[in-house]
Amino acid sequence: MASNAALAVLQSAGRGRARRREWVAVLGRAVRTGRGATGLAIVGVIVLIAAIGPALAPYPSTSFVAAPFANPSLKFPLGADTLGRDVLSRTLDGGWQLLLMAAVATVLGVAAGAIIGVAAAYFGGRWDTLMMRAVDVILAFPQLVFALLLVSILGPRIWLIVLAVAISHAPQVARVMRAAALDVCERDFVRAAQILGMPARRVIRREVMPNLTSVLMVELGLRLTYSILVIAGLSFLGFGLQPPTASWGLMINENRIGLVANPWGVLAPTLLIAALTIGMNTLTDAIARASLGVGRRADDAVLPGLVVAGAGQ
Amino acid sequence: MTADSAGPAAVSGAGPSRLSVENLQVLRAPSRGRASVDVVDEVSFRVLPGEVLGLVGESGSGKTTMALALLGHVRRGLVIGGGKVIVDGRDILPLSPRELQRMRGRQVAYVPQDPSSALNPTLKIGTQLREVLAAYEGDGGRGERLTEMLAEVGLSTVPGILDSYPHQLSGGQQQRVGLAMAFACRPQLIVLDEPTTGLDVTTQRRVLETIRELCRSYRVAAVYISHDLAVVAEIADYVAVLYAGRLAEVGPAREVFGSPAHPYSRRLLRAVPSLDRSQVLRGLAGQPPRPGSRPPGCFFQPRCEFSLPECEAGPPPMTEVSPSGHAARCLRAAEIAALAGAEDGPAARPAGPGATAPLLDVHDLSATYGRKTVLADLTFTVPGRQCVAVVGMSGSGKTTLARCLVGLHPTWAGDVSFAGQRLTAGVRRRSRDQLRRIQYVSQNPYLALNPRRTVGQIVEQPLAHFEKLAAGERYERVVAALTAAALRESFVDLYPDQLSGGERQRVAIARALILEPDLLVCDEVTSALDVSVQAAIVELLRGLQHDRGLSMIFITHNLPLVRSIADHVVVMNGGRICERGTVSEVLEAPRDGYTAQLLADVPKMTVAVGEG
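Quick note, the sequences are listed as chains P and S, same order.
Numbering that gives the first Met the number 0 numbers the first residue of the first sequence as 0 and each following residue consecutively.
Numbering that gives the first Met the number 0 numbers the first residue of the second sequence as 0 and each following residue consecutively.
Some hints here could point you the wrong way.
[Unchecked claim] Residues from chain P shown here face chain S by an in silico Cβ test under 8 Å; the list is partial:
id, residue
1, 186
2, 190
3, 191
4, 192
5, 193
6, 195
7, 196
8, 206
9, 209
10, 210
11, 235
[As the list claims (entries may be wrong)] Only pairs whose alpha carbons sit at most 25 Å apart, straight line, appear in this in silico DMTMM-like list of lysine to aspartate or glutamate:
id, chain 1, residue 1, chain 2, residue 2
12, S, 371, P, 127
13, S, 603, S, 492
14, S, 83, S, 98
15, S, 123, S, 143
16, S, 603, S, 578
17, S, 371, P, 187
18, S, 371, P, 284
19, S, 603, S, 193
20, S, 467, S, 492
Hints listed in this document are in silico derivations from the structure and should not be mistaken for laboratory results.
A virtual CB, placed ideally from N, CA and C, is assigned to each residue, including glycine.
Generate coordinates for the entire structure from the input sequences, incorporating the hints supplied.
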């Protein structure tokens with residue numbers, strides 16, 4: 000009997016997980032919409048280029064194989080750059096570092112921001128004030144200027160750039176997460192856990208966070224777009240990956256003097272960054288819309304009349 | 000009652016009715032893969048000038064859909080499928096949107112449920128009233144009409160009301176402003192959608208009186224929609240009972256409440272607690288069928304105690320019970336109506352277990368919010384195995400008291416001892432034993448359960464925190480708690496959004512029970528529920544208290560409910576206790592003026608089942 004019951008618990012837990020991982024549901028719904036599918040396709044293609052590009056590059060990205068600003072030809076499909084390196088090879092090779100840095104910076108920044116924001120909402124009072132005023136101070140600096148400040152003081156090191164971008168994200172994420180968490184923290188099921196004397200960490204992890212996953216996903220997508228722009232912008236300004244490394248941001252800077260001679264040196268990385276940003280934004284938008292629909296059934300039940308009214312959609 | 004209201008003309012005859020609804024049908028528009036489904040169907044009734052028709056129904060019965068259809072409006076996704084809504088001889092359903100707009104306000108007015116959201120928060124009351132007059136009457140004689148409007152709804156004595164903003168008025172005053180607007184242009188028909196829900200009983204009584212007087216003096220026909228049977232009994236001349244989108248019963252209020260002819264009305268009336276008697280409340284098992292899943296026969300048949308095999312065959316016709324227009328959609332209507340006088344009234348509540356030594360002793364409890372004192376010098380005791388009701392209007396500090404006791408409101412001072420040991424303010428400093436023995440069930444079942452967890456996970460949570468048990472043993476305890484709360488084992492795998500309000504509240508109760516507490520603090524646990532569900536929950540709690548020797552603090556604003564569940568009562572007003580004693584002492588012979596006033600204002604069902 001006992002083992003049967005235990006089995007039932009395990010099964011029920013397993014089913015629950017399979018059925019109700021909210022982020023899976025949200026992603027699934029988002030991707031099934033036209034908007035989400037388009038976004039995912041664009042992002043997918045560019046991530047693929049960045050990931051397997053280095054292996055496909057016809058020439059080493061740092062060797063001088065042609066005349067400076069050579070026009071596109073069969074041998075060099077996108078021509079050559081300011082120093083006579085193959086633009087195609089440099090483009091294929093120059094994405095993975097940018098994307099990796101952006102991803103790490105985003106995860107760090109969103110995680111830090113979420114922790115600060117949710118903690119501020121949960122504990123409230125003095126803690127809330129203290130954390131949010133600190134956040135306001137960082138918010139006072141424009142994101143790019145803040146990163147520039149750190150990098151120009153401490154030097155252009157990769158980990159520093161990642162850290163600077165992460166820190167510049169955290170306050171904005173904290174604001175959003177705090178607003179969302181305030182609502183959840185007020186609900187009675189959080190109180191029900193509190194009166195059992197559960198430690199705050201566990202209440203936040205088990206009761207509050209599962210209700211914030213969709214907000215968190217939207218933030219992740221949005222911040223990833225910003226990270227890409229800021230990191231590419233930093234390399235354009237000369238802080239970031241240093242020559243002769245291939246990097247999309249750096250390429251735009253190096254080749255802009257030859258824009259007329261061989262525009263591909265600038266155009267190829269620009270188009271890729273633009274497409275990635277647009278794709279990411281489209282996908283995030285679809286996720287945001289899908290996540291609005293996920294909580295819907297629960298809300299319907301509060302106003303049973305709406306079940307009927309909303310049924311037409 | 001007026002002479003004509005007793006006559007047969009009112010519902011079935013051919014009198015000059017103000018409003019006549021014939022076979023109204025509202026459909027859910029067909030959409031991707033879903034056939035069109037009737038939400039409201041076969042609804043017919045009439046209202047004479049100066050009379051009030053009470054439209055009664057539980058949540059999901061189609062009340063608000065009906066109300067809006069009377070204005071020629073349907074919510075998105077719905078369409079009017081057929082029938083007529085005739086106001087003063089003219090069918091309004093075929094009118095163009097322009098004509099409807101002209102008609103609304105002038106001929107048909109609407110008073111929504113929540114006055115605070117119906118008034119524009121950024122405009123002064125005077126401006127909003129003038130707008131109404133300007134829109135419907137042009138510019139003529141505004142000043143006089145304004146004072147007249149205010150006088151009609153009893154607001155002329157409020158100083159500076161025209162220069163106030165909505166948030167500066169109380170809920171009752173806001174609702175009166177809404178009434179003033181609705182009556183401003185002397186409409187022929189006024190539709191009131193639960194206008195007193197959320198108001199205190201005293202305010203509710205005054206608003207109801209205002210509505211009655213206005214309808215009488217201006218010969219306005221009113222449709223008063225409510226889930227509260229006692230309020231309808233108080234105001235309505237005629238009653239129409241809505242069940243699953245169809246009228247179950249119509250008739251003069253006296254007859255419907257005195258000798259209900261439909262099994263549903265009968266059960267509904269039995270679920271209403273009475274201020275005069277301590278009785279067993281009987282809820283209704285199951286749920287009303289939703290649009291699209293309604294049975295082919297009588298909609299009520301699956302829940303009906305009188306059902307016959309014929310009931311499943313097809314929808315029963317409206318059967319007239321008496322010549323006054325009393326009719327019910329039931330094959331056995333006449334038989335059921337005749338039952339009322341013959342059988343005994345609701346069973347009296349059996350005596351609870353005897354009291355033991357005080358479990359909770361509250362002495363001089365005072366609580367503050369910031370610098371504001373919200374509770375002052377509360378002193379009372381909760382005897383073991385007894386239920387103490389805490390009653391009071393909104394803002395009296397009831398909920399703060401509950402939160403102090405369970406440890407959610409840490410800023411209080413005073414001596415509170417639980418089972419002989421001192422109870423500290425915050426949860427943090429309470430012993431595990433104290434935390435386990437005091438459990439809390441909160442007001443709103445829709446907010447009380449984490450939507451991302453299954454019922455099993457929710458109920459199991461307190462157990463996982465307090466006791467290290469093997470999975471199998473834990474599962475058995477979960478099932479035992481669910482069974483105690485009258486839920487089946489199969490609920491373990493469901494998520495809260497798959498449950499009805501009553502089921503959710505049962506899950507919340509199961510979560511509180513699993514630790515086998517000694518004191519259960521229930522904060523308005525039934526206020527968000529329908530009356531038939533409320534009855535079932537109250538009976539469940541009473542049974543638990545009896546069987547497990549549980550002590551209970553039952554917080555409510557519903558005085559009749561106190562009769563049915565509590566042994567002692569504490570009346571609170573403005574953060575202080577103004578009276579306490581046993582239920583019969585306080586409710587039968589109140590010593591405090593405030594308690595007496597509260598009791599006088601409670602709407603009473605003057606005609607109850609089985610009293611004859």
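Self-check item: In rising order, the numbers of the hints this structure does not comply with
Solution: The structure conflicts with hints 11, 13, 18, although it agrees with all the remaining ones.
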